[in-house]
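Trainee: Next come the chains, spelled out residue by residue.
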Amino acid sequence: MHKNRLGAYLFSFPSFFLTAALGIYPIVWALRYMFYDYQGYGEPRLIGFGNFARLARDAEFWQSVANTFVYAGGKLVITLPLSLILAVILNRKLKGRHLFRAVVFLPTIFSASVMSIVFYLIFNSYNGILNQYLLELQLVSVPVDWLGASKAMLTIVIIAVWGAVGNYMLLFIAGLQSIPEEVYEAASLDGVNPAQRLWYITIPMLGPVLQMIVMLAITTSLKGYESIMVLTEGGPFGKTEVMYLYLYKLFFPLTTTGTSVQNIGYGSAVGFTTAVIVGLVTWLYFWMSRKLNNLY
Amino acid sequence: MVMNLSRLFARLPAWLLLLAVSALMLFPIVVAFLGSFKSNLELTTGATFFPESWQFRNYVQAWTQADFASFTFNSVFVAVFVTVGTLLVSAMAAYAVDRVPFKGKKLFIFMQSFTLFISIGAVVLRPQFDLMVNIGLQKSLWGVIIILISAHATAFFMVIGFFRGIPKDLDEAALIDGCNFYSIFWRIILPLLRPALAVVALFTFRGAWNEYILPLVFSMSRPDMQTLPVGLASLRYGAGAAVENQLMLAGACISILPLLIVYLFANRSFMQVTVGSVKG
Numbered sequence: 001m002h003k004n005r006l007g008a009y010l011f012s013f014p015s016f017f018l019t020a021a022l023g024i025y026p027i028v029w030a031l032r033y034m035f036y037d038y039q040g041y042g043e044p045r046l047i048g049f050g051n052f053a054r055l056a057r058d059a060e061f062w063q064s065v066a067n068t069f070v071y072a073g074g075k076l077v078i079t080l081p082l083s084l085i086l087a088v089i090l091n092r093k094l095k096g097r098h099l100f101r102a103v104v105f106l107p108t109i110f111s112a113s114v115m116s117i118v119f120y121l122i123f124n125s126y127n128g129i130l131n132q133y134l135l136e137l138q139l140v141s142v143p144v145d146w147l148g149a150s151k152a153m154l155t156i157v158i159i160a161v162w163g164a165v166g167n168y169m170l171l172f173i174a175g176l177q178s179i180p181e182e183v184y185e186a187a188s189l190d191g192v193n194p195a196q197r198l199w200y201i202t203i204p205m206l207g208p209v210l211q212m213i214v215m216l217a218i219t220t221s222l223k224g225y226e227s228i229m230v231l232t233e234g235g236p237f238g239k240t241e242v243m244y245l246y247l248y249k250l251f252f253p254l255t256t257t258g259t260s261v262q263n264i265g266y267g268s269a270v271g272f273t274t275a276v277i278v279g280l281v282t283w284l285y286f287w288m289s290r291k292l293n294n295l296y
Numbered sequence: 297m298v299m300n301l302s303r304l305f306a307r308l309p310a311w312l313l314l315l316a317v318s319a320l321m322l323f324p325i326v327v328a329f330l331g332s333f334k335s336n337l338e339l340t341t342g343a344t345f346f347p348e349s350w351q352f353r354n355y356v357q358a359w360t361q362a363d364f365a366s367f368t369f370n371s372v373f374v375a376v377f378v379t380v381g382t383l384l385v386s387a388m389a390a391y392a393v394d395r396v397p398f399k400g401k402k403l404f405i406f407m408q409s410f411t412l413f414i415s416i417g418a419v420v421l422r423p424q425f426d427l428m429v430n431i432g433l434q435k436s437l438w439g440v441i442i443i444l445i446s447a448h449a450t451a452f453f454m455v456i457g458f459f460r461g462i463p464k465d466l467d468e469a470a471l472i473d474g475c476n477f478y479s480i481f482w483r484i485i486l487p488l489l490r491p492a493l494a495v496v497a498l499f500t501f502r503g504a505w506n507e508y509i510l511p512l513v514f515s516m517s518r519p520d521m522q523t524l525p526v527g528l529a530s531l532r533y534g535a536g537a538a539v540e541n542q543l544m545l546a547g548a549c550i551s552i553l554p555l556l557i558v559y560l561f562a563n564r565s566f567m568q569v570t571v572g573s574v575k576g
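Taken in order, these protein sequences are the chains called A and G. First residue of the first sequence: 1, per this note's numbering; consecutive thereafter. First residue of the second sequence: 297, per this note's numbering; consecutive thereafter.
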């Protein structure tokens, strides 16, 4: 075995240094400033838990948390079953399955912000491409207000599903390939129909893989805000404001509002709380899904 | 024959679902591509599918007037250096961690996974930016590049995964033949890792190419530093001037085209990355 400790330190140093300086330090920085009153200029003032007291009363923040759950919930409820079904179909020896996989996976390689621009032109309420088609085909008589207060969240969820299905389909396919063929053969002898096969064999047999995939889906969807930022900036009337976007606004200005509400101390407290919320949800999910892990 | 027909009917719902999903997946991309050749008027009122007349000048206009030449240059610059840097930093660290027992190794691995799981969102951008101001890199894309390289935990774990496929006996044999720690890395490990690193490179390049928030923050007071996603999104809230939709679509196509071309030839590798990054 190698004895070259010095070499090992030299080789891991760049990675260590970058991670410490730009990955860990910013977190420590936030852990400090969340106890301060600091707007980005002047002298930071220690105020203890003042920021958290304000946070508890910040209706806008809690609304954004609620919106996050609506967004993440909507995305998951459509994405996971759809991608599982697609995975089951495309895991069979179907003609053209590789082509279909490639097509379904295609959206995941593109930038969320770039595709959001395209989706903006498609869903635009006044002269959007989708509305033009719907009017032309006389499916609607007045343009649908896709990005208006009542439908914006739905539109955002549709776009998020579009970008995510391919990813989870692929992960499910990888999971499915670990299920031994004999199980299905035995089941088909017992005369099991496809729905039963999915519910009683495939899903339980996926077990830990399913647990991992769902956890990944939950955390990813709770953290997503890029496409919302480009598409609606949280509007209209805060209807699509999610917690990580709310957080962003406490540090950097957006284009439409222009004015910055920068508040570093408060923002750090919000960032900490947001991370805790994600952590709690993940932990809760793990606790609730522990059965999945025991099945094997 | 009867058998085949009944099988066909049994599979019909599956086929319909596949076709419908595929159509929905391709719709925005096809719309963007065809729309990028339409005039603004046709795009906003035409309800056409194919362009009435193909406006190739949209691309010329986007490239010259809307600064997409500069956005593209910046994107290529960032993505290339981030990919090279990430590969180097993670391959070196993975080599040390996988092959040498050293004090602090556990802590190092913990640190890497910690950054992977904890996310406090945009908060980190502020201290990161301040650090770059301190070393004078906030006014160049190098600041963006360094910060993106620093987020190499996923790449690190992917490379470590590939290291398991390289037997340690090889190192031993090379040691006996007179190689040392460094030459083993350059002469034996790196060449063997090449196919694996290509996959990690694809993953990293895609991430850097698509990155939006970080270059946005850095280019807020410096439009000349905008990358493709940033420059494109800024057209959405175009300052004053009438928004020209056809330029937005041409720009969108410019920014998705390179990945699309790579995807056409290497979509299996793309998929391998996705599965690999989760399996670790």
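Don't read these hints as lab results, they were simulated from the structure. Please note that the accuracy of each hint is not assured.
[To be verified] A few chain G positions that, by computed beta-carbon distances, are all more than 12 Å from chain A:
#1 Trp350
#2 Ser366
#3 Phe373
#4 Lys435
#5 Phe452
#6 Gly457
#7 Arg502
[What the hints assert, rightly or not] Just so you have them, the derived chain G footprint on chain A, three or more residues with Cβ under 8 Å:
#8 12-21
#9 42-52
#10 83-93
#11 106-120
#12 148-155
#13 179-193
[What the hints assert, rightly or not] No farther apart than 25 Å at their CA atoms in a straight line, the calculated lysine to any residue pairs in the SDA-like style are these:
#14 A:Lys223 with G:Gly503
#15 A:Lys93 with A:Leu198
#16 G:Lys402 with A:Val28
#17 A:Lys95 with G:Trp311
#18 A:Lys93 with G:Pro554
#19 G:Lys401 with A:Leu10
#20 A:Lys223 with G:Ser515
#21 G:Lys402 with A:Met212
#22 A:Lys223 with G:Phe410
#23 A:Lys239 with A:Val261
Every residue, glycine too, gets a C-beta built ideally from N, C-alpha and C.
Trainee: Mind listing which of the numbered hints don't hold for this structure, in increasing order?
Mentor: Those not satisfied are hints 5, 7, 9, 12, 13 and 18.
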